[in-house]
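> Use the sequences and the hints to build the structure in full.
Residues per chain, in single letters:
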Amino acid sequence: MNTSSSAVLRATANGRDDGIPGLPLTAFRRRARPQSIYGVGLWVFIGVATTLFSLFITAYIMRMSSADAVAIAMPRQLWLSTALLVLGSVLLQRASMTAAGPDALAPRRLLLAGGACALAFLVVQWSAWQFLLAQQVTPAGNPGGSFFYLLTAMHGLHVIGGLIGWTLAARAVWGNVGPAGAAWRIALCARYWHFLLLVWLALFASFTWITPEVARIICRTAA
Amino acid sequence: MAYADEAASHHDPQTFITKYVWSQDHKVIAVQYASVAILVGLIGVTLSNIMRLQIGFPGVFAFITPERYYQYVTMHGMIMVIYLLTALFLGGFGNYLIPLMVGARDMVFPYMNMLSFWVYLVSVIVLLASFFVPGGPTGAGWTLYPPQAILPGTPGYDWGIILMLVSLLIFIVATTMGGLNYVTTVLQARCEGMTLMRMPLSVWGIFTATVLALLAFPALFVSGIMMLLDKTLHTSFFMPALVSMGQVTNYRGGSPLLFQHLFWFFGHPEVYIVALPAFGIVSDLISVHARKAIFGYRMMVWAIVVIGGLSFVVWAHHMFVSGMNPWFGFFFATSTLIIAVPTAIKVYNWVLTLWNGDIHLSVPMLFTLAFILTFLSGGLTGLFLGNVSVDIPLSGTYFVVAHFHMVMGVAPLLVVFGAIYHWYPKISGRMLDDRLGKFHFWVTFIGTYLIYFPMHYLGVLGMPRRYYNFDGYQFIPPSALTLNAFITVVALVVGASQLVFVYNLVWSVFRGPKASSNPWRAASLEWFTPETPPKHNNWGPALPVVHRWAYAYSVPGASEDFIAQTAPLSDGGMEPEPYEVKEAIA
Chain P
1 MNTSSSAVLR ATANGRDDGI PGLPLTAFRR RARPQSIYGV GLWVFIGVAT
51 TLFSLFITAY IMRMSSADAV AIAMPRQLWL STALLVLGSV LLQRASMTAA
101 GPDALAPRRL LLAGGACALA FLVVQWSAWQ FLLAQQVTPA GNPGGSFFYL
151 LTAMHGLHVI GGLIGWTLAA RAVWGNVGPA GAAWRIALCA RYWHFLLLVW
201 LALFASFTWI TPEVARIICR TAA
Chain Y
1001 MAYADEAASH HDPQTFITKY VWSQDHKVIA VQYASVAILV GLIGVTLSNI
1051 MRLQIGFPGV FAFITPERYY QYVTMHGMIM VIYLLTALFL GGFGNYLIPL
1101 MVGARDMVFP YMNMLSFWVY LVSVIVLLAS FFVPGGPTGA GWTLYPPQAI
1151 LPGTPGYDWG IILMLVSLLI FIVATTMGGL NYVTTVLQAR CEGMTLMRMP
1201 LSVWGIFTAT VLALLAFPAL FVSGIMMLLD KTLHTSFFMP ALVSMGQVTN
1251 YRGGSPLLFQ HLFWFFGHPE VYIVALPAFG IVSDLISVHA RKAIFGYRMM
1301 VWAIVVIGGL SFVVWAHHMF VSGMNPWFGF FFATSTLIIA VPTAIKVYNW
1351 VLTLWNGDIH LSVPMLFTLA FILTFLSGGL TGLFLGNVSV DIPLSGTYFV
1401 VAHFHMVMGV APLLVVFGAI YHWYPKISGR MLDDRLGKFH FWVTFIGTYL
1451 IYFPMHYLGV LGMPRRYYNF DGYQFIPPSA LTLNAFITVV ALVVGASQLV
1501 FVYNLVWSVF RGPKASSNPW RAASLEWFTP ETPPKHNNWG PALPVVHRWA
1551 YAYSVPGASE DFIAQTAPLS DGGMEPEPYE VKEAIA
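Sequence order for the protein chains is P and Y.
Quick note: the first sequence uses my numbering, first residue 1, plus one each step.
Quick note: the second sequence uses my numbering, first residue 1001, plus one each step.
In short, the hints are calculated from the structure, not lab data.
Any given hint might turn out to be false.
So, partial list: chain Y residues that the calculated Cβ filter (under 8 Å) puts toward chain P [claimed, not checked]:
| # | residue |
| --- | --- |
| 1 | F1109 |
| 2 | L1180 |
| 3 | G1253 |
| 4 | S1377 |
Glycine included, every Cβ here is placed at the ideal spot set by N, Cα and C.
Shown next, in the form of structure tokens:
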């Protein structure tokens, strides 16, 4: 192995560059690219988080099937927060699609806007909490309310985690990673934003449609 | 080129702190994980010895009150299963072995790997802190079943249970950070030529167990956080309406059964989170110390994967006594028995690997052979308990204690010991003392059989587990109480013998004979680092290139009785291709 190829292997194994232009990308080098490593890492994390929320929703269904469960009316703010999350997802997707292009400014603006949507989402969720608390829907009341606060908090924590990742990506994009480096970082942000949206839609749908009656049908329990 | 050079050394440790404390090197993190796990494990063993003092000599030791007894039972169980075995197999062996065995310089996310250890340490500190809070640690039993876990009458129902749950939640965060690293490293950072079907079975076992952990621990997280809210905010996720100690509680409508489902959806895969790394490591140890290729490598890989998959559909066999639809009982009994098939394949393949092998009875091999016997006997009693009609009368007895201690206590610990004796030369550059190792082995092996075999008899006799004492139980003959005293004496001896092991570990770091780079003449990649112990970045200027599997032993015509994974292609010893296996069978 000559010096230059060993240097490439060393560098790629540390996940720091994209290989040397002109050299063929073997499966080994393709795997070792940072976008592949971080991409797979993110998929694995999404798998874990999906399991977590699936189990929460399963627990929600099982608990809502019991006799004391009451459906709670969803506050209207949730439609606004849903719209914000959809918008953030679209903006980041657009940022990802334009990131490798010649215009360096557009993807940066879209990246900022996507993150701002997530921040706004958290603010609106907080206002939905305040609205429900004003309606005497407390965390320790009926299980519908308990699950609402718990699951929105868990989802919110994942949004905050996403914003931390988004901050790191934005710092890199504003640094000197170049268009290719910016593209994969923005693409990973966009993927996570899509995931956050899907989880939120699943939670919102569960809160809205899995009423105690539906839960009892699923669990085959009597009221 | 300058960028590449910078990349290679971007987290080279410069100071004592960054090299040994706040380290991002997977090998240092592995030793940190293992050291903390072994220390906390010694506490777990001590707690079990104190419990045995009460069972063997009831009333003699006044400090063992009923409350403390249940606290020791609980902490012993949780420490051994979670904070020792899970942490040691994944955080310890996973961290050390994965990058070296797949030919990587480090884990792919070294910083997160470092955080994983420190978060694990925090979880251990929070757990142990519960010994010092008012009311002491929780005595709810390691399954922490509600409603009793958080109600007055259960020891540590206040701060103890809160700290236990917080500690578990922190531990899960640590495991997730570590797990993301292990999985991604295996998938993305294998060196050139290291295909998935060339990876040593140790890596396959740890990899699959990590996937299980990533999918199963969320269930413990969900149940833990919901119980924490039931305790602190008085939600009613698991707590039904009830009167406790004469007081009407504010709880209503919660489902204790929901907790059990969530807990065991984690709890049963947890058995395999511990067992699968053990399976993988044992396969490698047998092959090296019997100088023979592992029998049926592909079958072994698929057996690991299938066991991992099936482990998610058997959880309710832990709940047969909770009452369930008979069809559910039938389903879970059937799936439980089906999991015995891939498990049996593994046992057969281990035995067939030994068949006609050049068996070296080294200390790692002794532990390996002991594992096979122990796992077999512990597994066979699992077939009894997997059947609903047999499980129900035995469930509350010492038969269950004997079963799970044999299959997921003693058996994996034997592998831990074997693996430490095997890889210690690579980790430290020195050999462990052989005589002390053999003493440790024989006392541990014979001792654990003297402890747990009689417990099967006590269980069949109907002796209930979990009881503080057995006064007034007419059906328990005096001979059973004598047997309990005998078990206690042996448990104390086995517990004390572990100190010999710890002494050997510490003494040998400084005084043990220097090890060669490959003292067991093994073929797998970790033995071919440029230095022993391996330096930071593992492989010097160039990553290794792999040409074959890790089991090229006693190859006809080869100059030595093993061929390194990195040896040139012309040396032969390639892994059998699938069509060759088919032809051999035909």
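> If a hint holds in the structure, say so; if it does not, say that too.
Tested hints:
With its C-beta approaching chain P no nearer than about 7 Å, Y:F1109 sits inside the 8 Å limit, and its interface hint holds. A least Cβ separation of about 5 Å between Y:L1180 and chain P falls short of the 8 Å threshold, and the interface hint therefore holds. The beta carbon of Y:G1253 comes within 3 Å of a beta carbon in chain P, closer than 8 Å, and the hint placing it at the interface holds. For Y:S1377, the suggested interface contact is broken, since its CB lies about 34 Å from the closest CB of chain P, more than 8 Å.
Hint 4 from the list above is the single one not met by this structure.
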